[in-house]
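Engineer: Please build the complex by placing chain B on the supplied structure of chain A, with the hints as guidance.
Number of protein chains: 2
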Amino acid sequence: MTPDNSVQLIPVPGIPLIKPGDDLAEIITQQLAAANLTLQDGDVVALAQKIVSKSEGRLVNLRQVVASERAHQIAPLADKNPRHVQVILDESREVIWVSPGIFVVETHHGFVCANAGVDRSNIEQPGAEEGDIWLALLPKDPNQSAATLKTRFKELTGANIAVLINDTHGRPFRMGGVGVALGTAGLVALVDERGERDMFGYTLQNTVVATGDELAGAASLLMGQAAEATPVVLIRGMRYRQPKQPDTGAADLVRPPNKDVFRYPANRKEF
Amino acid sequence: MTPDNSVQLIPVPGIPLIKPGDDLAEIITQQLAAANLTLQDGDVVALAQKIVSKSEGRLVNLRQVVASERAHQIAPLADKNPRHVQVILDESREVIWVSPGIFVVETHHGFVCANAGVDRSNIEQPGAEEGDIWLALLPKDPNQSAATLKTRFKELTGANIAVLINDTHGRPFRMGGVGVALGTAGLVALVDERGERDMFGYTLQNTVVATGDELAGAASLLMGQAAEATPVVLIRGMRYRQPKQPDTGAADLVRPPNKDVFRYPANRKEF
Chain A
9 MTPDNSVQLI
19 PVPGIPLIKP
29 GDDLAEIITQ
39 QLAAANLTLQ
49 DGDVVALAQK
59 IVSKSEGRLV
69 NLRQVVASER
79 AHQIAPLADK
89 NPRHVQVILD
99 ESREVIWVSP
109 GIFVVETHHG
119 FVCANAGVDR
129 SNIEQPGAEE
139 GDIWLALLPK
149 DPNQSAATLK
159 TRFKELTGAN
169 IAVLINDTHG
179 RPFRMGGVGV
189 ALGTAGLVAL
199 VDERGERDMF
209 GYTLQNTVVA
219 TGDELAGAAS
229 LLMGQAAEAT
239 PVVLIRGMRY
249 RQPKQPDTGA
259 ADLVRPPNKD
269 VFRYPANRKE
279 F
Chain B
9 MTPDNSVQLI
19 PVPGIPLIKP
29 GDDLAEIITQ
39 QLAAANLTLQ
49 DGDVVALAQK
59 IVSKSEGRLV
69 NLRQVVASER
79 AHQIAPLADK
89 NPRHVQVILD
99 ESREVIWVSP
109 GIFVVETHHG
119 FVCANAGVDR
129 SNIEQPGAEE
139 GDIWLALLPK
149 DPNQSAATLK
159 TRFKELTGAN
169 IAVLINDTHG
179 RPFRMGGVGV
189 ALGTAGLVAL
199 VDERGERDMF
209 GYTLQNTVVA
219 TGDELAGAAS
229 LLMGQAAEAT
239 PVVLIRGMRY
249 RQPKQPDTGA
259 ADLVRPPNKD
269 VFRYPANRKE
279 F
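Sequence order for the protein chains is A and B. Start counting the first sequence at 9; every next residue gets the next number (the numbering used here). Start counting the second sequence at 9; every next residue gets the next number (the numbering used here).
Chain A with its partners taken away, still in its complex shape (with noise of 0.2 Å):
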């Protein structure tokens, strides 16, 4: 028995490996139907960034990256191909450091995590030839695309769901990687329960939650990275917040540098 106010995450089974081009909302229906299931108002669709990048083409060739000095520079420090330094470069405003097989940067949409979040596995290219290497870009606007795909699951299905696009990020002070959401559409992503009361009447003072990313970090549980990955899970059953319009997204997560006293110490005013 599962009682009513649960929360199911289920792995979407059969999604097969997506190029550039494919409608990802259309595949994924599908393969929900063909595991009897339909959405509803209210669910979740939570889909690994990797797909998303590839059906948006967000692919590069490592073949036709020509290197600057600076990824020359760079590529012994990170134990890297220089080629591949220079796509990390250009999807970065900052590098935070490097070291021998650790090159963290700010992307441009503002995360810190390693490489720019570009990654070479799980690549088929159409077209390929041998020795080719093909590297997975961040999706441009991560937001946007979470809310194109929720626009086209309405479009194909009626309902009125959620997208969530995660990723992987290591962090400071705690080892491993967790779930993130880098987009999200029709939720709120970062719930502020601030001035709230709690049990006994006092006032919460420092609630803030990252409820997109503790979502992202559920489906991640289902997602897997290796053989058997599933790169598409469905939430049911969670009661998120609605975002107010226009849907500012994941944005909501990542921290201005105004307010990161770790790597600005001049922000930490005191002591």
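Hints were generated in silico from the structure; no laboratory data involved. Backbone N, C-alpha and C fix where the C-beta goes; we use that ideal spot for every residue, glycine too. Possibly wrong hints are sitting among the right ones.
[To be verified] Listed next, the stretches of chain B that the computed footprint assigns to chain A, with coverage defined by at least 3 CB atoms under 8 Å from CB atoms of chain A:
| # | region |
| --- | --- |
| 1 | 16-24 |
| 2 | 32-38 |
| 3 | 153-163 |
| 4 | 252-264 |
[What the hints assert, rightly or not] Computed footprint of chain B on chain A; a stretch qualifies when at least three of its residues, placed anywhere within it, have a C-beta under 8 Å from a C-beta of chain B:
| # | region |
| --- | --- |
| 5 | 28-37 |
| 6 | 139-150 |
| 7 | 183-192 |
Structural biologist: Below, chain B alone, put in the same frame as chain A:
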């Protein structure tokens, strides 16, 4: 219809206010029974840190605390009562930084978090006098707390389950708090998939996943902080890995100083 391989997040209803000495596993087992639920092998029971702390009597009456000179120095910077600061200092091995309203420390467990996890909300202590302010401290050894609960659940129900004690922490780079695992028993909290091969036969390079924190985030989605608080969530259907013995629990998720390039820039070897 819910597919067999889905994961359910089930809020456990009707958990009463917890007092020191309460048998949490017994209370939870009773409330599950009242909801027609029985623990099964492989279930994960996620408990909010506060109820574990209260059941263990990890409570301090602010009236009985004597503030040191250091606490008096920090108090105006943190905009907190000096006695409250003293309690946080007693729970910490290092002050990371202080600014108005923000007091970040490293706890004796190694958690980098605000206020050493010390919290004043939702405390109702027997024998409390008017004007008393009670603070709840983190469990002294959250992995041991989880292991003890796991054993007690086994005694009461016969089920081999995993136990997770979770809290909400802020993070650098990202806005809002997310659920994190303070303690676990019976599951691998940090899953190392390096060396496994992906769908195309590439060897995965950087796939170490903080499953314990992702489970904590998932449970946190249902816990809420305010009036409707639900301090216990049953996670059913999750295929987690069994830990080696001795079970190191969520201690694996704490980043050791020699792998921390943020707090210790000397660890950034290059660039």
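Engineer: Give a verdict on every hint.
Structural biologist: Each hint tested on the structure:
Residues of the region 16-24 of chain B lying with their CB closer than 8 Å to a CB of chain A number 5, which satisfies the three-residue condition for coverage. Coverage of the region 32-38 of chain B by chain A is violated in this model, with 0 residues showing a Cβ closer than 8 Å to a Cβ of that chain against a need of three. Interface restraint, the region 153-163 of chain B with chain A: violated (0 residues with C-beta to C-beta distance below 8 Å; minimum three). Using a Cβ-Cβ cut-off of 8 Å, 4 residues of the region 252-264 of chain B lie near chain A, which meets the minimum of three, so the contact claim holds.
Closer than 8 Å: that is the beta-carbon criterion, and the region 28-37 of chain A has 0 residues meeting it against chain B, so the requirement of 3 is violated. Proximity of the region 139-150 of chain A to chain B, defined as three or more residues with a beta carbon under 8 Å from a beta carbon of that chain, is not established by the 0 residues found. Coverage of a stretch by a chain is defined here by at least three residues with a beta carbon nearer than 8 Å to that chain's beta carbons; for the region 183-192 of chain A and chain B the count is 6, and the condition holds.
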